[in-house]
Structures are given as structure tokens and as C-alpha cells.
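Protein chains in written order, with our numbering: chain A, 1 to 495; chain B, 1 to 484.
Treat the hints as calculated values from the structure; they're not laboratory data.
Incorrect hints may have been included.
No more than 25 Å apart at the CA atoms, straight line, and that leaves these computed lysine-lysine pairs for PhoX-like [to be verified]:
hint, chain 1, residue 1, chain 2, residue 2
1, A, LYS487, B, LYS484
2, A, LYS487, B, LYS65
3, B, LYS187, A, LYS487
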Amino acid sequence: MIHTPHVDWFAISTILVLLGASFVALLGAVLVPPRARRAFAASVASLGFAGGLVTSIWLYVTSANGHLVISGAFYRDRWTMLSQIILCGIGLATTLVGAEQIARVRDEHVSEFFSLLLASAAGMAFFVGSANLMVMFLALEWFSIALYVMCAIEYDVEGSLEAGLKYLIIGSFGSAALLFGSALVYGATGRIGFAQIASAVGTQGLDHDAMLVLGLAMIIAGLGFKSSAAPFHMWTPDVYEGAPTTVTAFMSAATKVAAFALAFRVLRTAFPQELYLWGWAFAGIAVASLAIGNLAALVQRNVKRMLAYSSISHAGFLLIGLSAGSALGGRALMYYLVVYAAMAFGSFAVVAARERELGEAVTLDNLAGFGWERPFLGVAMWFFLFGFAGLPLGGGFVAKFYVLSAAYQRGWTWLVIVGVIATLVSLYYYLAVVRAMYMRPSAELRLAPVAGGSPPREPLLHAAVGLALAVSVGSLFAVEPLIDLAKHAVNSLPF
Amino acid sequence: MTISSFTSLLIWLPIGAGIAVWVLPLSRYATGSLAVLVSLLEVGIWIEQATRFDFSHHGLQFAQKTTWIKDLHVSYHVGEYGFSLWLVGLTVVAMTACIGYGFWVGRDRPRAYFGLMLFLTGATVGVFVSQDLLLFYAFFEAMLIPIYVLVGVWGGPGRLGATIKFVIYTMAGSLIMLAALIVYGLKFGTFDLVDGPTSISRWMFLGFMLAFVIKAPLFPFHGWLPDTYRQAPPEVTAVLSGVIAKAGVYGMLRIAITKFPEPTSYYRTFILALAAGALVYGSLLAFRAPDFRGVVAYSSMAQSGLIAIGLFSGTNLGYDGAVLQMVAHGLVSTALFLIAGTVERRTTADQFALLGGMAKGRPALATLLVMLGVISLAVPGSASFAGEFLILAGAFQRHWWWAVIGAVAIVLAAMYMLRLISAVLHQARGSTVSDEALDLRPGELALVVPLVGVLLALSAWPAGISHHSFAGDQPAQQVQDQFK
Numbered sequence: 001m002i003h004t005p006h007v008d009w010f011a012i013s014t015i016l017v018l019l020g021a022s023f024v025a026l027l028g029a030v031l032v033p034p035r036a037r038r039a040f041a042a043s044v045a046s047l048g049f050a051g052g053l054v055t056s057i058w059l060y061v062t063s064a065n066g067h068l069v070i071s072g073a074f075y076r077d078r079w080t081m082l083s084q085i086i087l088c089g090i091g092l093a094t095t096l097v098g099a100e101q102i103a104r105v106r107d108e109h110v111s112e113f114f115s116l117l118l119a120s121a122a123g124m125a126f127f128v129g130s131a132n133l134m135v136m137f138l139a140l141e142w143f144s145i146a147l148y149v150m151c152a153i154e155y156d157v158e159g160s161l162e163a164g165l166k167y168l169i170i171g172s173f174g175s176a177a178l179l180f181g182s183a184l185v186y187g188a189t190g191r192i193g194f195a196q197i198a199s200a201v202g203t204q205g206l207d208h209d210a211m212l213v214l215g216l217a218m219i220i221a222g223l224g225f226k227s228s229a230a231p232f233h234m235w236t237p238d239v240y241e242g243a244p245t246t247v248t249a250f251m252s253a254a255t256k257v258a259a260f261a262l263a264f265r266v267l268r269t270a271f272p273q274e275l276y277l278w279g280w281a282f283a284g285i286a287v288a289s290l291a292i293g294n295l296a297a298l299v300q301r302n303v304k305r306m307l308a309y310s311s312i313s314h315a316g317f318l319l320i321g322l323s324a325g326s327a328l329g330g331r332a333l334m335y336y337l338v339v340y341a342a343m344a345f346g347s348f349a350v351v352a353a354r355e356r357e358l359g360e361a362v363t364l365d366n367l368a369g370f371g372w373e374r375p376f377l378g379v380a381m382w383f384f385l386f387g388f389a390g391l392p393l394g395g396g397f398v399a400k401f402y403v404l405s406a407a408y409q410r411g412w413t414w415l416v417i418v419g420v421i422a423t424l425v426s427l428y429y430y431l432a433v434v435r436a437m438y439m440r441p442s443a444e445l446r447l448a449p450v451a452g453g454s455p456p457r458e459p460l461l462h463a464a465v466g467l468a469l470a471v472s473v474g475s476l477f478a479v480e481p482l483i484d485l486a487k488h489a490v491n492s493l494p495f
Numbered sequence: 001m002t003i004s005s006f007t008s009l010l011i012w013l014p015i016g017a018g019i020a021v022w023v024l025p026l027s028r029y030a031t032g033s034l035a036v037l038v039s040l041l042e043v044g045i046w047i048e049q050a051t052r053f054d055f056s057h058h059g060l061q062f063a064q065k066t067t068w069i070k071d072l073h074v075s076y077h078v079g080e081y082g083f084s085l086w087l088v089g090l091t092v093v094a095m096t097a098c099i100g101y102g103f104w105v106g107r108d109r110p111r112a113y114f115g116l117m118l119f120l121t122g123a124t125v126g127v128f129v130s131q132d133l134l135l136f137y138a139f140f141e142a143m144l145i146p147i148y149v150l151v152g153v154w155g156g157p158g159r160l161g162a163t164i165k166f167v168i169y170t171m172a173g174s175l176i177m178l179a180a181l182i183v184y185g186l187k188f189g190t191f192d193l194v195d196g197p198t199s200i201s202r203w204m205f206l207g208f209m210l211a212f213v214i215k216a217p218l219f220p221f222h223g224w225l226p227d228t229y230r231q232a233p234p235e236v237t238a239v240l241s242g243v244i245a246k247a248g249v250y251g252m253l254r255i256a257i258t259k260f261p262e263p264t265s266y267y268r269t270f271i272l273a274l275a276a277g278a279l280v281y282g283s284l285l286a287f288r289a290p291d292f293r294g295v296v297a298y299s300s301m302a303q304s305g306l307i308a309i310g311l312f313s314g315t316n317l318g319y320d321g322a323v324l325q326m327v328a329h330g331l332v333s334t335a336l337f338l339i340a341g342t343v344e345r346r347t348t349a350d351q352f353a354l355l356g357g358m359a360k361g362r363p364a365l366a367t368l369l370v371m372l373g374v375i376s377l378a379v380p381g382s383a384s385f386a387g388e389f390l391i392l393a394g395a396f397q398r399h400w401w402w403a404v405i406g407a408v409a410i411v412l413a414a415m416y417m418l419r420l421i422s423a424v425l426h427q428a429r430g431s432t433v434s435d436e437a438l439d440l441r442p443g444e445l446a447l448v449v450p451l452v453g454v455l456l457a458l459s460a461w462p463a464g465i466s467h468h469s470f471a472g473d474q475p476a477q478q479v480q481d482q483f484k
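All chains should be built: construct the whole structure from the sequences, respecting the hints.
Following this line, the structure appears as C-alpha cells:
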């Protein structure tokens, strides 16, 4: 008889709730009549994410003493649960936007979309809690495959299929790097558990073992692909541009949260002795991301592409917090992720609204007058962009301050200077969007939507943007409560 | 509600009102009235504070402190010293006049416009009362956002280029300041301006100073100034030169000089030279400028230089004079730009070549412009004279040649101001000046006359400010004690 380990079902309840909702949504694709499918699937998804929020908050409260569950495969601790809370929040917002925006052209595969959305969120929720290399890879593939299909779901829209394929090929490359790196680390240490790897390195004196270091480098590369950090960023602009904007919004926010939360955990837990290596490596990647993201964004006319490059540059800022490798860096990372996720999601959602109105890709030119036509979305976009640029209209300002402080505390004043210069460069393209929305001469305004008539009402999209706006502005005032949450989360990691 | 919370009220009342104006679907008239009402309320709150202010008391008054980011020892700490009280007063008075002007001329998209003007009021007050470095920085940056949009949306034809230049210039300075303040705060374990120690780091000093010399601006960091001042709507230019520029020099006094005594004396000659450069070069440019706004714009740059000379002379007289001059020049340039706006509305031009002969049949305009011009060129007996005299006397104590340069610049000031007055009011009637261009209307008088009235009151009693800015009338000692 096979000996099965004891399973703490409650610890993985968020994942189970999301998966369950995913199955129900998928069943809806067959059992529910077509005209009710959109409402049904969106409701199931909302309920699923709301349920996930409840269980992950509950788990956050009850997991003050972080520990391993399911024979050392999964962390039930506050780092996992805080990441899951953020992921469920993003999922809920995506559902709101998706309910109105996704598959508008043919009105097909709506249930499948929500099913995949829930499945990928479940995979991410699993990913952030993974405690060994096997689970990490499994969860990575789990949510990645769901994302590949989501990118290509509007397969008759030009670019969507291409985006899916491109993401599949390059994403698989990243997964392969991660898997190969994991294998090398296992080969060097004979362990797959994160904590066991660290102790094996300590007891066997493997600090400078070539196989281990190579394995670590490949794991860093694999995670770099997922977090779209330069030089592993090539897929980002194309995929973000081609994917349905709802999916882009979800990816830009949720994938980053999952990738960075896991990266910080695996590096702190499994490779604390190699801090000097991965700290410098990530500092270098951060500088590359800041440089490439910001410079490439300067010349973009397509707003989705510009925001994609901006997300690469924000990966750079997040990596500054990560590379500090300290508790302060961890707090900075979590705070930044919350604020960034809200701003990134919100800005793509606004782009989605304009795209639907015009029926074509949103560029700086056809954004003219948008701010005056749709005041709420315009003002929200205004807040997101100024927040991205680190101006004190929201938590983006505090987030930048935090990661730069972490870099200074590590003794890297040069990295502070780099971050500051990158922010200055970024102002140019963020303000270009504000300029396009508000300041163009009225002759350039394209007041008539392509479809004619007034723009669609989109109450759910407005609600999602309002949610993102509330988080991004509220985080400026509620720094202390958020940092407290992050602090408890960081305390469950070994320092 | 205690008197201390009035400081916070001065910041958050206009910001809250600004958001209300954005959200509520009010009519044009209601929006403007609400904005003017709120700004008058600000003046009222400020008067209430000024009457309760204890000018002999050492240290911060009306203070409030709450933790903002415990982790990094950042707090929401606001409060006022004598000199900050005057600058807050300048802000609320000047903003009231400018918001009133916007209402009078009926700006397009009134909800956005007045919302931004109110937001700007709150942010600017915030700069002058912040006693925490990060909070100061946040407000310093927050001022930029409404100005960017105000210039970009309501400005002249070249506004897009002007806004880019303005933002890139000022943000370059501010972000270097951010790096400097992170280093300061983490090194000393506090961002508090009151409790924070002094530092001898020259890099940090330069980081802070860069932000302030760009904002002020001093030569050669004034590249953004001519375009922005010309393209912005007149009332926004008035705010920029009357109030925002003062935030730059205020920062020099409150942070750079106070927290970095050693680097201040090390770089004193260098910065005095920059300031003298701004003074002389600005005055020359003002003399050469072909338009009303150009003259006032460059003269503000010259005045920023003069104020910086007062501050960096490091003498009692210099500090007193600098504070007086900040307020006096703030009021003068606000009023002058508003008058420039009224002239532009009547003639659609501000080129001297197209103006002239406006005094005839327009006695109110002529009287006010001449009075302001005369105060601005520091005729003995005016508030500006008192300020400039104190600054020059203070500079003389540092070294005689600074006073000589300053005195030369005052002669230049007389030249460009008289040129301005004669080009607008006298000479042959300009091609754009028609008989239909009436004298100032009661609404315009109601905006400019109070400013002139305050200036006349200050002319009569300059000691009202110069003796009530630093406790114990010992500014140099106060700076050395970090205003404790």
C-alpha cells in the first residue's frame, strides 16, 4: 500500500476554491444556454475570486507561525497568503473587466476564458507557496499554460494568436531554463526542498560549487523570463500588445506578483549563502531592465507597447528591492507589488475601454481628447501614470522611495542614483500620454467613436478601475497598515 | 479643533475642495464661487493663525506630528516658524487673487481648472509647513502636477514644448534631491527636519541645492523659465513667479543652509556668485525683453538671485531682508502678472512693439501699474526697498563687492521697470490698443487693489515681517540652532 502524507486541506483551500470555480465555469460552457453564459461564467469567477479572498485572508490571519504542509511541499505562511490575497484581488478585477470586454467580437469561448483565468490564478496561488523545486516547476507550468491559451483566446483578432504562440515558445524556453537550473541544483545538493538545499550547501561546503552556481544562474534566468526583466524581456512588448487587453492587464499585474513573491522566497530560503552572487546578479538585471525598459518606451506610439516597456522598467525597480535581499527589501517588494499591480491593471483596463470604443489599437494619437470625453477614466489614467512616474499622487511614490531606501541600506548608493535617473527618463513617456489625453489642440480631437453614438457604459470596467484607483491612491495614506502586512509576511521567511 | 490643526486644515481644505469641485457637477458660476470662497476661507484661517502666533517664542508652533512610515522614521509633521507663517500668508493671498482672476476671465472647463488651482494651493502651503523631509518632497513634487496640467491645457500656443521643458528641468533637480534625502534619512535614522542633525556631506548639500536653484531659478538653471512664464495663463505665471519660485528659496533656508552649515560656508562664494549671476543676468535680460511678461519673468529671476544673496550672506540682516523680500516680491510679481493678463485681454498682445499709450483714458490701469513698477524697482519707502536694503547691508557685511553688484542690479531694475511702464502706458498708441479697450473693471480692481494695499501696508511697516520672522531677532543664531 502506498503511504500517503497527511494533507492540510485548509492550507490549500484558496487553490481548491479557485480550481473548483474553474471547473464550474467550464461546465457552464456546455450546460448553460449561450445567451446566459457570459453572465454565468463571470458570476462564477467573481464568486471564486471572492471566495479565494476570504480563504486567503483567513489563512493569513491564522498562519502567524509559518510552517510546511503536505510533507514539506507547500508553505502555509503569511508570505504565501499575502501574495494569494493580492492575486485574488487582481483576479476579481480582471473578472469585472473581462465580463464586458472579452470575446466581444464573436461572443464565444467566454466560459472557457473565465475557467482559464481561475485556473491560472490557482496555479499562481500554488506557485507562490511552493516549497520545493518540483512543486515550483509544476505550478509554473500550470499557470503558464493557462496564460498561453488566454493570450490566444481571440484567435480571429490579428495578433492574439501570434501573441499566444510567441509567449508559448519563449515562455517554454524560460521554463526549460528553470527546470535545467533546478536539476543542476538537485545534482549538486541532492535535495529539492528549498530549506534543505540551504542546509546542504552549508553542511557540505558547496558555496562555490560550480554546478550549484550554474544552477542558480539558470533559475535566475528562468524567473527573469516570467518577471519580464531584461535581458529576458523580448516577448513582453509583443505579447502585451497582441493579447486581448484584459489578459494583458491580468498578466502585467498577476504574473509579476507571482514571479517576484516566489523569487524572493526561493532565493532567501534556498540560497541565503549566495546572497552576494544573486544580489549582484539581480542588481545588474535591474539596471539592464531600467535602461532597456525606459529607453525603448520613449519611442513607442502604441500605448499598450509603451506600457509593456514601462512594466519592464518597473520590473527593474522591483528587482532593486529584491537584490537588496534584506527584510527591508522584502517589505519594499511587497508594497511595490501591491501598488504596481493596481496601477498596471488599472492603466490597461483604461486602454481596454478606449480600444473597444475605437475598434482599433490605441496610440498616442487616437488618445487625443480621451480625458475630456470620459472624465473618470481620464482622471484615473492620470493618477496611474503619475503614480508610475513616482510623483506623489499615489503609493507609487512611496514604493519607489522604499525600494531605493532598501538599495541604500544595502550600501548601493549608485543603484539609488540609477533608479532616480530612470525615473526622470520615464517621466517623458508617461507625460506623453497625459499630454495626448488632455492637451492636444481641439482640432485633433477624434470625438466620434468608430462605432458611432456614445461610448458603451461599461459599469463593471469602471468599478474595476475605481478599485485600482482606490488602492493606488489609498496606499499613499495607508502606508503603515500595508507595511505591517508586508512585515508579517516577510517575517515568515528566514533571515 | 485646536489651533494646531489649522496648519493641516490650510493644506487639506483646498485639496478636499479641489476634489469636491472635480466630482460635483456644479455650474461654472458655482464652481468658481466655491473656489474663491475656499481661498478666502484660507486667508481667514491664516489671519487667525497669524494673530495667535507668538513671535517671541523659539521653535515650531502650531505643530502636528503623526507617524506616516514607521519603518523608515517618516512622519507627517507640520508646523510653522515665523518666516514660514509669512510665506504661507503670501501663498493664500496670492492664490486667492489668481483663483479670482481665473473666475473673472471665465476659464474653460471650470471644474478641472478650479480643482487644480485649489490642489496647487494646498500643495504649496504644504511645502512651507512640512517639517519632515519626505513630506516636504512630496508636496514639492505635488506642486508640479497641477502646474503641468494648468500650463498644458490652458496655456498659449507653444505650451506643449514649455511644459516638457518645465517638467524635465524641475524633476531633474527634485529627483536628485530625492536621492540626497534618502541618504540623509537613512544615515541619521530620521527624516524629521526639527530633530534631524546637521551634516557635513557636501554631496547631499549639492543634491538639495540643485532642486532649489532650478525651482528658484538661479543662473544658469533658468532654461525653463522664459517659455513657461510666457506660455502659461497669466494667473498661473503669477503663481509660478510669486509663490512657487519662493518655495525654491525657502528650501535653501529651511534645509540647505540649516542642515548643512559646513557645506554652506564651503560653497558660499560659489552660490553667491550664481545668485549674483542670476541678479545681473536676469536684470539685463529683463531690460532686453521685448514683451511685458518677459520683463517680469526675468525680473523674478533677478529677484530670486537677490534673495539668495541675502540668505547666503549668512548675516542677520541678510536673512531678515530675504524673508521680507520673498513676501514683497511675491506680491509684486503676482500683481504685475495679473496686470499683464488684463493688458493681454484688452489688446491680445504683450509685445511692446504692439502696445503703448494705454495710460490715456485708463487711469486705474496706469495708476496701479506705475505703483507696482515703482515698488518693484525699490524706490525708497517701498517694501521692496526695505527688503533690498537689508539684503544689501547683509551682503556688505559678508563682503563689500556683493553689495556693489546688488546695487548695480538695482539701477538696472529701475531701467527695465521704467522701460516697461513707458512702453505700455506712454509713447505712441500701439497698433493693438483700441478705444474699446476699457480701463480695469471693478472685478479686476478687486483682485489687484488688495495686493497693492498689502504692499503699501508692508511699505509702511516692513518690520512687521523683518522683525517677526525669526525668534529673538537673531536669525543667524536661529539658523545655527536649527530653529529649535
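Okay, the hints, checked on the actual structure:
1. A:LYS487 <-> B:LYS484: violated, 35 Å
2. A:LYS487 <-> B:LYS65: Holds - the C-alpha atoms of LYS65 of chain B and LYS487 of chain A are around 23 Å apart, at most 25 Å.
3. B:LYS187 <-> A:LYS487: With Cα atoms ~22 Å apart, LYS187 of chain B and LYS487 of chain A stay inside 25 Å; holds.
In the structure shown, a violation is registered for the earlier hint numbered 1 alone.
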